[in-house]
Each structure stands twice: as C-alpha cells, then as structure tokens.
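Enquirer: We have chain A already, so just place chain B on it with the hints.
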Amino acid sequence: MDVGQMQRRLLDYTKSLFMEGVLDGQFLQLQQLQDESNPDFVVEVVSLFFEDSERLLNDLTRALDQPNVDFKTVDSHVHQWKGSSSSIGASRVKNGCIAFRNFCEEQNIEACLRCLQQVKQEYYLVKNKLETLFRMEQQIVAAGGSIPILELSF
Amino acid sequence: MPEKALEIQPITITTPTPNSPMATPPPPPPCRTSATPDSPIMTTPRRRALHRLTGFTRSLSCRRKRAPSGRRMCPVDQQDDFQQASTHCLTSYYSVFVVRLAIMIMLAILIGMLTVLTWHFTKVYTTKSLDTLAYGLRYELLQRPILRMWNILNSTSEITTAQVKLSEYVLRKYSSPVTQANPTSQAQLVELYETMKAVTWSLFQSRKALNAITINYRNGFVQAFHRDHRSNNTFYIYSDLSNYSISAGMYSRQGWNDQSIKGNISAIWYREPLDPNTGIKIGKAKPIPADDLINIAGLSQVPDGAATWDVAVSKYTDSPLLSAALPVFGPSNQSIVAVVGVTTALSSVGQLMKELVEVHSGHIYLTSQEGYLLATSTNAPLLANTSMGPELVMAVDSQDHVIRKGARWLQAIYGNKLPPGHVVHIEHAKLGKEDYYIDSFFLNLKRLPIVGVIIIPREYIMGKADQRAFKTLIILISASVCILIIGCLCILILTNGVSKEMKLRAELISHLDARRRAEASNNYKSQFLANMSHELRTPMAAIIGLLDIVITDSSLASEHYASLTQIRKCSLALLRLLNNILDLSKVESGKLVLEEADFNLGQELEGIVDMHSVQCINQDVELVLDLSDDMPETFRGDSARFVEIFSNLISNSIKFTKSGHVIVRGWCENWNAFEDSGKSLLEQKKSWCALRSKFKQQTNYVKKTCKKENKMILWFEIEDTGCGIDPAKWETVFDSFEQADASTTRKHGGTGLGLSIVRTLVNKMGGEVKIVKKDSPGILMRLYLLLNTPSDGSEQSCQVDFSKPTVVVLALGGSVGRGITSQWLRRNKVSTIEASDWKQLTLILPELFNPTNECNGSEEQPSLSEPLEEEQPLSSEEQPSLSQTLKEEILNIKAMKDQVFIIVVDIGLLDFKAGIWLSQLDYLDQFTGKAKFAWTLSHNSSSMVKAELRKRGHVIVVNKPLYKTKMIQILEAALQGRTLEIEICSSDGGASTNKALVDCDIADALVPLSLGDKIERLINSRPTRYQDFINHHIEFTDQNPEPSNSSTDSENQSQSSPKLPDNGLESGRSKSKGKEIASTSDESQNGSPTSKRQKMVSSPPKEKGSSSSSGCDEEKLRGLHILVVEDTLLLQMVAVKILLKAGATVNAVSDGLQAVEAMTSMIDSLVRRNEAVKKGLEPEPLKSPPYDLILMDCQMPVMDGYEATKEIRRMEEGTRMHIQIIAQTAHAMSTDREKCLAVGMDGYLTKPLQDKITVETIMKHLGRSID
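For the protein sequence lines, the chains are A and B, in the order given. According to the numbering used here, the first sequence is numbered sequentially starting from 1. According to the numbering used here, the second sequence is numbered sequentially starting from 10001.
Heads up, none of these hints are tricks.
Taking beta-carbon pairs under 7 angstroms as the criterion, some of the chain B residues facing chain A (in silico):
1. 11128
2. 11129
3. 11130
4. 11131
5. 11133
6. 11141
Think of the hints as simulated: they come from the structure by calculation, not from any bench. Beta carbons are placed, not taken as given, at the ideal position from N, Cα and C, and that holds for glycine.
One chain only, chain A, in its complex shape (with noise of 0.2 angstroms):
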C-alpha cells in the first residue's frame, strides 16, 4: 500500500469519525496544537485522556455500587469526564456525560447506571477509534509519509 492511498484512507476514517459524531472539532484543535517541538502530543494527551477515563470508570462504577450512592462525587466525577472528553473532542463521549449529569441531580440511581453504562460503550468506541487512528498515523509514518491533517474550511 502506497502512502499516497493510506494517506487517503487516513483522512476519510477521520472524516468517518466525524460523521458518526464520534470526534467533533475540538480533536482537531489538538491536532493544531501539535508541532515539531512535540511531535507526539495529540497521543500523548488522548493516552491521558484514556487513563484518566480509566480511572473515573473505575471510581463511578465503586460509587454506583454502594448502597448509598453519594450523587454528589459522582457528579464531580462525571464532570470532570465531561471536562477532559469535552477537550479531546470525544463529543459522544461528552453528550453522554450530559445527560449523566442531569440524572445525577435527579438522583436516578436506575437511569445512572444504565447511562454508565452508555458511557463506556462510548468510551470504548471512542478509544478503539482513536487508536485505530494512531495506528493507522504510525503506520503512515513508518512509511515514511506525513500524517494529512483533515481540515475544516475555516
């Protein structure tokens, strides 16, 4: 495979993920961010992004399972998932955490699982997508080709 098609195919998996609303624009601001100075820095963050998400994941299904939730941290917890989704772009991620929050403060126990649960589809969605992506810029790279930035018309 030529790095010209890969380039390609690059782009339109990209394009895809915004299509299905996976990825909104605010990952292509990150992608702006990067530079030569550091090369690595929309992996690095996503990488964080996925062991914060880890962690939150870990921490909401504890708080879920008590058998008195306390709403409160888990709506801290939850924004705070919404706050870094919301940064990377991961924008099915972050609709999720909305409408988490609202149960939340209805203190819908029912509706907060199953929208955890919601959650982590889309989180794993978003990070098998993501790394997909990753892969596929590796893969470019160790072809020698540059990775294509998608651009938006503005």
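Expert: Relative to chain A, chain B alone:
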C-alpha cells in the same frame, strides 16, 4: 351554673339557624379531610362551609405532599410564605369564630342576669313587704277576738268577785244575829234571802251579757237569775224553801256537801219569769226539775276555796258557756257559807269573729288547750249532741271543713308538741287545693289557756302579687329569649362581613398561589429554554460542521454540491432562529445581563450597515446611515446587544422593503435636557419636530454646562419604504411571535421574535421603541437609548482639515445616500456636485475640467460617446441638458483656485453588461491628473474589475454603502495623498466589528466547538472581511508595485474567474470567498491563496505550523508569563500547549491552593524588591518572572477557583497590584460569568479552550492592562 346554661344557650339558639358559622364544626385534621368525599348532598350552607374548609385544608395537605416530589418546582420560601398565609387565614378564621362565640355568650349572660334581677326585685320584694303587712293584719285580726275573750273573762271575774263581796257582806250582817241570837228565826232567813235576791238582781241587771248568776247556800238553798238570750226572758230560779230547815243542820259544816244537794234532787225548784228590766215578777212560778236549766255552782267546784273557771255546756244554749265559781266565806273566814257562780255566754266572741271575717275573709277559731272549740267565725255548731248530752267539739272534728283541715294540718305538723308559746306562723299551708296562711296565738290563762288560730287564704293577700310575679317572669323570660335571638342574629349579620372578608382573603390567597405557580412554571419554561441552548446548538453545530466537511470534498457532483449548499444555508437559518428564540428566553428568564464596556457606537453601526448592505444591493434597496456630527464616539454599554437591536431592526426593514431605501438616522441629546420634562420621551409626538430643532440648538450649550453628567439619550430612526404596518398593530408587533400580517410568515418568513427581542433589549437599556407616523409608505421606527459616555468624554470626531478648497463630485446611484452625503459635505464647506448616472457624470466632468478649452473636451468626447450612444441613444439628445443650478455651481467652483477635485464613483455606474466598462474607465482616466478618483465597490464587484482599477491606479477604494466615516477616509486619503490611512482605519474598524461579533459569540457560545458559529460569523461579516481583503490588496499594490504581485492577483483572478464565470452565482462565490477569507484572516500579509489551497488537501504539519496562525500568535503572547490553574491533567496539558504555542511562558499548578501559594511568593518577592528599590539597593534578581495572568479553572479540588481568586484579591489589597485572572469554566451561562466577575476575576473563557479565542481574550485583557 349560669356558665353551663350559657354554654348551652348558643347551641340551642344556633342550631335552628344553619347558616351560622358558629355552627361550623372545627375543621378536622387535614389528613382526615383529604379523605372526606365530596358528596353532592352537602347543600346546606353549613355543609358548604365545611366543604370549603376541608377543600382548603386538603389543598394545603396536597401541596405539602407534592412539595418534596416536585424537584425544586417552586422555591421553598414561596411555599413557606403561602403556608404561613394560609395558616394565618385559618387562625383568623378561628379567631372570628371564637369572637362570635364570646360575644354571644356575653350577650346571653347579660340578658339572663337582667331577667333574673328584674324578676327577683319585682317578685321577692313585693312578696316580702306584703308578707310583713299580712303578718300584721293577721296578728291584729287574731288579737281582737282574743282581747274580747279576755274582756269577757275579766268582766265575768269582776261580776263574780262583786257578787262574792256583796254576798259576804249580806251574809255577815244576817249571820251575826243568828249566831248571837240563837236560834235564827225563819223570818230572818227569808229576809236574808230577799236581800240577797235584790243584791244579786242588781248585779245581774247591770251586766246584760251575763247568762246566769247563782248562789248556792250552805244549807242547799239556791238562788239564781237566768237570762235566756234566745227568748230574751229572764227567770228567777229558787229552790223550795220549805224543804230546807234552817236550823236542822244548817250550820253543820260536815253535812254540806254535794251529796246533800244530790240528795236534794227531789227538791223542787221554782222558776218565775221576771221583767228583764225591773225584775218584777210577771208570771207564776213553775216548778222545774233541779239543775235542769242551769248549772248551779256548788261546793264541788270550789274545793280549795279558790276561784275556778270552767267552760260549760248547757242544754238550752248552743254555744259554750264560761262559768266562774267563787266561794263566799263566813265571818270567820274559815267556812264557806255559799258559792257564787257566774256564767257568761261565749257567743259574743264568735259574733265578733264573724264580723271580722266578714270584712277580711278567712277563718278564725279559738280552742282550749285540749283542742275543744270555744268560738269560731263560722256558723258551724260548737256542740255536738251525744247520748251524754251536748258536749264540746274538738277543732279537728269541726263541721267547717277549713277549720277542720287547718286543725288537722297543724296537728299533723306539730302533733301535740306545739312550739313554746304556741305561736305558729305558716305562710304556705296547702289545705286541699288552696294555699293558706295559718297563724296561731296562745293566751295563757292560768285555769283556761286559750289558743287562737286564724286561717286566711293566701290568695286573699298574695293573690295578685303571685299572679303578677308569674306573669312578669313569663314576660321577662320570653322577652330575654327574643332579645337573645335577635342579638345573636345581629352579631351574625355584623360579623358576616368579617367572615366574608375572610373567605375572600382565602380565595385571594389561593389565587395568588395559583398565579405564583403559573409564573413559576412560565419561568421554568424560559429557564428550560435557556438551559436547552447548549443541547440545541450542539447538534446544529455538528450538522453545519459536517456539511462543511462534505462540501470540501472535491469529488462531489455539482447537483450534490448545490443541494448541500442549500442544506447548509437552511441549517444556518435554523441556527439563527434558534439563537433568536434562545436569546428571547434568556431575556425572559432574567438571565440576560448587560455588559458595561466602552464601545465605538459609530463603528458598530457602520459594521451593521456594511453587513446588511449586501442584502440590500440584491434587493435594489439603498441602505443609508446618517449619524449626526455631534454624536460622541464612544459609549459605555453592551455593544453586542446594541448590535443585535440594530441588526434586527435593519434586517426587518430590509425584509419588508422591495425597493427604495432604508435610512438609519442617529443623533443624541444630553440627559439633563430631558430631565425637566421627565415624561416618556416617545409620548411627545407633537412637539417632536420642535423639540428636535430645539435640542439641536441646545446641544452646544448643554455640552458646555453638563460636562459631569455623561448620560446621553441616543435617538435613532429607521425609516424604510416598505409595505408598512397597519397602525392598529403598531403596538402588538413588538410582542413575541407576533407579525403584522399572518401572511407575512409565508411571504417573508421569520418568527416574529425580532422586534420582541429589540423591545426587551431597548427597555433594558433604559429606552423605548415605537413606530411613528409617517407620510410616505413604509414605517418609521423610532427609539431612544440611555447610554453613558465614558467620563473622559473625548468627543473628537475625526474631522478633516479642509484647508484647501475641495470639490467633490458624487457620482452615486442611490439618490438618498448621495443626498445625505452631499448635505453633510456642504455643511462642512465642501463644494459638492451630484451625478446620478454615468451620463450626468460625463456631462459634468468636461464642464469642470475643460473650462477654457471646449474643443479639448469635444476631442475626447467621441472616444467615449460612441459606446455611450450605442448604449443610450437618447442621451445624446439630452446631452446639453445640465440644469441651470448645476451649471452655476460649476461656475462657482471654477472660480475657486487651487481646488482639489475628488470624484467618487459608484462602480454600479459602469456598464458591465456589454463590456463597455473598460472604455468607460478609459474615459475617466483622462481626468486622473486633475482629480482623485474614489470608487465605491459593491460586494459583488468582480475581482477582475478590482484588478483593473488597481492597474489603472485607482487606489482609493471603499465598499458600499458610503457613509460619513468612509467619506472622511476618502477625503483624508485624497487630500493627504496617502492610502495607508484608510486601510488602517477601515481594517481597524473591521477588526473591531469582528471582535464585537466574536465577543458576542463568546458571550452566548454554549457550543464549545463553535465550528458552525465561526463559519456563520465569517459569512455574516463578509462585507468587512471582504473589505479587509480588498484593502490588503490595495496595500500590496502600494507597497510592492512589483510584477510578482500582479501575478498573484492574476492568479487570484484566474482562480475565481474560471470557476465563477457568472457573478450572480451566490453560493459558489461565497464558498470561494470563505476560503479566501479564511486564508487572509488566519495569517498575515504574505500567504497566497493558491498555496493554501494545496495545503488544504494535504500539507505537512510542519509547514502549516510555521506558516499559519502560529506566526502571528507567537507575536501575541511572547514574553508573557502565565499561570495555568487546572486540576485535570489533560485540560492542563491542552491549555499549556495552547499558551506555549502562542509564545507565552507557562507554569501549571493543579489546584487553587497552589495557585495562591505561587501568588504569595510572587507578591512577597515583588514587595521585597520594591522596598529594595526604594531604599536604593540593588534589587534581588527574581526567582521567576512575575506572572502576568492566571488562567483559573473554577471547579477544582482542595480550593476552587472562586475561593482562590478571592484569596489572591485579598492578598493584593494594599499592594497596588492587580493580576489578571481569567476564569475557565464549563458552565456557559451568564450567571456563572457574573459569579466569576463577582469574586474578582477579570475575564471568562468557556471550556474547552480554543486557541484563537483564548489568545484573543488574553490579548484583550493584557493589552488593556499593559497599556
């Protein structure tokens, strides 16, 4: 006791009156009432009252029940308020109830007491006094027969004593000789008896009442006088003298006993009737059986020689007789010689009693102690015939039933034990069916105790009194009952008003509650909408973003492309609509807070006009801005909202105007001038014009006097020539979702929210907006705003120094704009010539520039007139038809020396259709030396034309519409021969407009990724951007007049021309322009569109990094030292990256406490350093450079952003330092923003951070603070 009675009373009274609220049972506990069924049978008012009460309490309990489940449906304090109010109502309801009860009870007590007292006084006192009187009467009545009795006794005893004394004397006189001259002769005895007879007669005669006087001698001889009262005969009774030997045993004391008399039964007594008066014998003596007629008192009756009293009964009288006996002693006083007996009839006492009773009624009787009747007031016989002869009757056996009953009653009560003295007073003795008074009196005679009893029927004495008392009682009771009933009714009626008021109040409270709830729900609706904004805009942004992505795809078929563009347009419209609704709801929910910041009003307005002029040109509408010269430049207020007002109004006007013009006029007044009148400004319709002129005169004066008061009234008018609005709807069009005509929605679209938003905003700025009457078609919208001017009040409007006489030829298409501009120019002493079309221009120009040389003009003329005449055949005929005034003006101008000519030409005057425009330009070129040309371009002027203009050296180019500021720029540029000024001016203007728009977007940007917003913004601000773009090009040509640039231009041209052969194709153009704008605005001067186009497809990141935004951003934040406070590592990393990229030095900490610590050390070191500098010492080198700015997250563990900011601000007190703190929060509502500002933060960024906005915001804050 009375209490109890009174307790019962109201109940007995109120029960029959069911509408009495007193009868309302106390409300049962609410929990129970909620279960009370609403039975339809409850029709009585009482039930209704109960129903109402229960309903009331039920609603209370329901609310209480609902309260916890409704998630903060209504604020707690409101509910508390209501509950308090309702309980207050209830308690007052109770209190009214209690007061009523109390008043009624008091009334009952009062009336009862009155009744009792009245009755008591009338009855008891009367009775008592009557009783006293009656007692006296009875006593008196009884006393009199007793006295009579006493008299009888006395007289009897007196007679007896007298007889005894006389007898003693007579006997003594005759006995002495007898004793001395023994033997006593018969003759002497007869003499003695004769004497005795005479003496006794005289005594008997003196006392008529005497029944009999008897003398029983010792020797058994009896002399007696007897008076028969019935036959009124008097008899002398004597025993036969012959039977008694005077000598024989006459003096034998032993032989004188009863037996001798009894033994003498056989003795013959004689009775001879006597004349009652004289005592002379009138008849023959008849012998009668002894002791037959009368009782002769014998020795047996005086056994001890003392007087005896006896009640005797005789055969011949029907009344008892009182007989007294006394012994007559002999001379020696030792022997009893005779016994004298006196008998008196008691019938006279009875007679008296009868007389008394006749007068007084009642019964009187006298009895002996043993109970034998002595006398009665009745005719009942006192004696009963028995076998033993007549005997006295006992009172209890009396034939008169009253006396019998009375006697029996007394016996029954007292028996034989009469009270001492035998005095009895009884007031109520029930004898048979009647009440009687019974009184007894005891006369204690030694030998004959007598008891008197009087029986008087009670009715006789107390009859009337008792009757009256009874009647009075009945009357009183009935009267008091009536009064009580009436009183209670009155109380009910009187207090009914109060209870009605209570009911009303309760209803009012429930209504208030309902209203409050309705308002609350309305408020929640608005709040909900406001909160929804985020959720609503996000998908819209995603849609638009994705469309953008799709549109960039080069492999699209053209029809796909067209429909995608259409979709994108629609999405944008939808987003705008959403924004409108959200704005409105934000305003309604009270979340809109106006900013207070300085802004350039003129520039804002120009920006808006620029924006809308694009639309105008398509519609053949002229948009004119006419601001008065005295308008200050800067105002303090919310520029974004200001822009919103005007863009709404202007777009509204344009929407409804098919052709003609839209004029925006503006002028200002000082607030003080209006303070006197004080009324609503728009009300002064009539004096409007007068006021206006007056104010214009006053303005200068006001400006001088009121420097301190900087509040200004800004007046604006927006006039159009559209379809107009029916005057009846002038008020309603400002309501939400209201349009003048229902059909407008179909024709023109829109939601009817625009004007509503405008009015809300205008009102919020302290102004009013109104539609004003206007003669010509269309509407005239007039509004005023109250805005503050900054205190420095620098009002320098950039006036051009017109030292040289200047002549401006305005060759503009729009007549209104041209007129206004020329007026303004003339006011500023600039000669102006107007030309409305190309033909006129061609007439004027030769006139102006070829004054002497007519042929010169005519020489040139053909080169132009040929195409002209082809185009406009008629114009040749009208060629010499310059108006007289114009000619004169031209002549005047010609008379001036050293004029500077400026010709402003509308690019629309050129004829593009037939391609004549090049020759037209050629024609104009001949005047280049003599005059300066300025061109007004419209937004759709093709770049080919622009390039041509540039090529020909027409460097002064502005965009339509032409307004004051642009005119000034043109004049300045032309007069000073520089073009740079315009660019700076205009680009500044554009930038500020952009910034304003950006700010506006930040303010309500709830979408973190404002991809769509950005695009929208770019499209909205197209004219300005475009202007920038053009100006940049002007600059290029000026600065680098090298062929390389023209090649760039031609590239540019060639790029756009093949793709866009037709100028009219809006979509294609906008797309290409979008790209161009993106490139030009993103980077500075040196980017070329072609290179960017390549880059868009695939450009190595490095190249992009070096060439694009970083270039200018690095400049922006270089040298700044920024502290990032953020707990989430990821966000911290992003923020640090953004700032590093912009060239700043960044430190990051993870919570508020660390930030405070960092600040503490910094401030400490700075203070120390300052002190050192003051002392003239060598300042210590700082460990790290001081922070210029803090980017503060709001929600953090340990110490949150608000707390940290407060702490830092506290530390700064007294150090004259103020570090800029910019908040970053995920909450995008303006309340959060206020909270941030309230704790002392300077700015506000929404997460996720976007590099451009972040850098801009930081620049804004630091730029100001550094400056």
